[in-house]
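Kindly generate the complete structure, drawing on both the sequences and the hints.
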Amino acid sequence: MAKRNDISLPEGHLEALQEKLMAIPAQQQEAPRGVRRLAPYLAYAASLAALVLMGNAILRYSAGTANQDEGWDYVSYLAQSLDPDGQIELIAAPQLSDEEIESYLIASNISVEQLYSVTYEEDY
Amino acid sequence: MSDNERIFHQLVKDYSEQLWWHVRRMVGTQEDADDLLQEIFLKVWNALPSFRGESGLYTWIWRIATNETLNWLRKERVRAALRFSSIDAEMERRIQADPFFNGTEAQRELSKAVAKLPEKQRQIFVMRWWDELSYDEISAITGTSVGALKASFHIAQKKIKLNLEELDVSK
Chain A
0 MAKRNDISLP EGHLEALQEK LMAIPAQQQE APRGVRRLAP YLAYAASLAA LVLMGNAILR
60 YSAGTANQDE GWDYVSYLAQ SLDPDGQIEL IAAPQLSDEE IESYLIASNI SVEQLYSVTY
120 EEDY
Chain B
0 MSDNERIFHQ LVKDYSEQLW WHVRRMVGTQ EDADDLLQEI FLKVWNALPS FRGESGLYTW
60 IWRIATNETL NWLRKERVRA ALRFSSIDAE MERRIQADPF FNGTEAQREL SKAVAKLPEK
120 QRQIFVMRWW DELSYDEISA ITGTSVGALK ASFHIAQKKI KLNLEELDVS K
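Heads up: the sequence lines are chains A and B, in that order. Under numbering that gives the first Met the number 0, residues 0 to 123 are what the first sequence spells out, in order. Under numbering that gives the first Met the number 0, residues 0 to 170 are what the second sequence spells out, in order.
These aren't lab readings, by the way, just hints derived from the structure by calculation. This structure is a prediction, so every number in the text was calculated from the model and none was measured. Glycine is no exception: its CB is placed at the ideal position from the N, C-alpha and C atoms.
Residues of chain B placed beyond 12 Å of chain A at every Cβ, according to the derived structure:
#1 Ser54
#2 Tyr134
#3 Glu165
#4 Leu166
Cut-off 30 Å, straight-line C-alpha distance, at most; resulting in silico cross-link-like pairs (DSBU-like, lysine-lysine):
#5 B:Lys119 to B:Lys42
#6 B:Lys119 to A:Lys19
#7 B:Lys42 to B:Lys74
#8 B:Lys160 to B:Lys149
#9 B:Lys160 to B:Lys119
#10 B:Lys115 to B:Lys157
#11 B:Lys74 to A:Lys19
#12 B:Lys157 to B:Lys119
#13 B:Lys119 to B:Lys12
#14 B:Lys12 to A:Lys19
#15 B:Lys74 to B:Lys12
#16 A:Lys19 to B:Lys42
Shown next, in the form of structure tokens:
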């Protein structure tokens, strides 16, 4: 029985694939360089945003608006100052699709045996 | 071009075709073989600076390829289980529907029988039967003794034979 002639290979397929493989070093070097170029700006933007938020929180706190309800702790007050109209739902139940759950399980290195045991436990 | 890039390009030239055929047999489709080979060479590129030369480049790159392939199969096994299927059924479906298969029915049944072997045994069989690696080479790659490899190949052959005989009985 001939061993390798049972699967055909389109002409030029491996050559095209080899070209993609050859491009891996260049692709790998490009990505970090882009991130590195942006890093100082990102750090600056993050610092500025943190300062503005903290300043806003301190100003509102010192103006006495936080004392309206004595039961509030500082974290609650900070949350309220960041979102005064309550438009952001802070604790929202994540809506996950089947694909997202599947991707999570694959990435979590779960074994089929563990998967079966989890399913089994859920049934009882 | 750096030294590592030069070595990497040489590795692609020297080993990508042989590894593609190995991966193609293991995963069952051309698309997955292409994707997995790219993952393998990405791993090779990232690991190249830490290559210490304790084993030859040939053994080293094959070791990465076989580990990545087993890892891919493990993920496929979980993926199939999540769809209430099995990887055996999935592999059989892939071999049956492979548009690039142009062998005889006997060769197709052989591929299906090989796909039913346990992953490591299957890998050893593919390396010996289709990739035509010597037992010494497989031993260096897998870290398994030559004796154990011979035993594994012998058992795999028996299982395949039994499987093919059962098919003949049912026909």
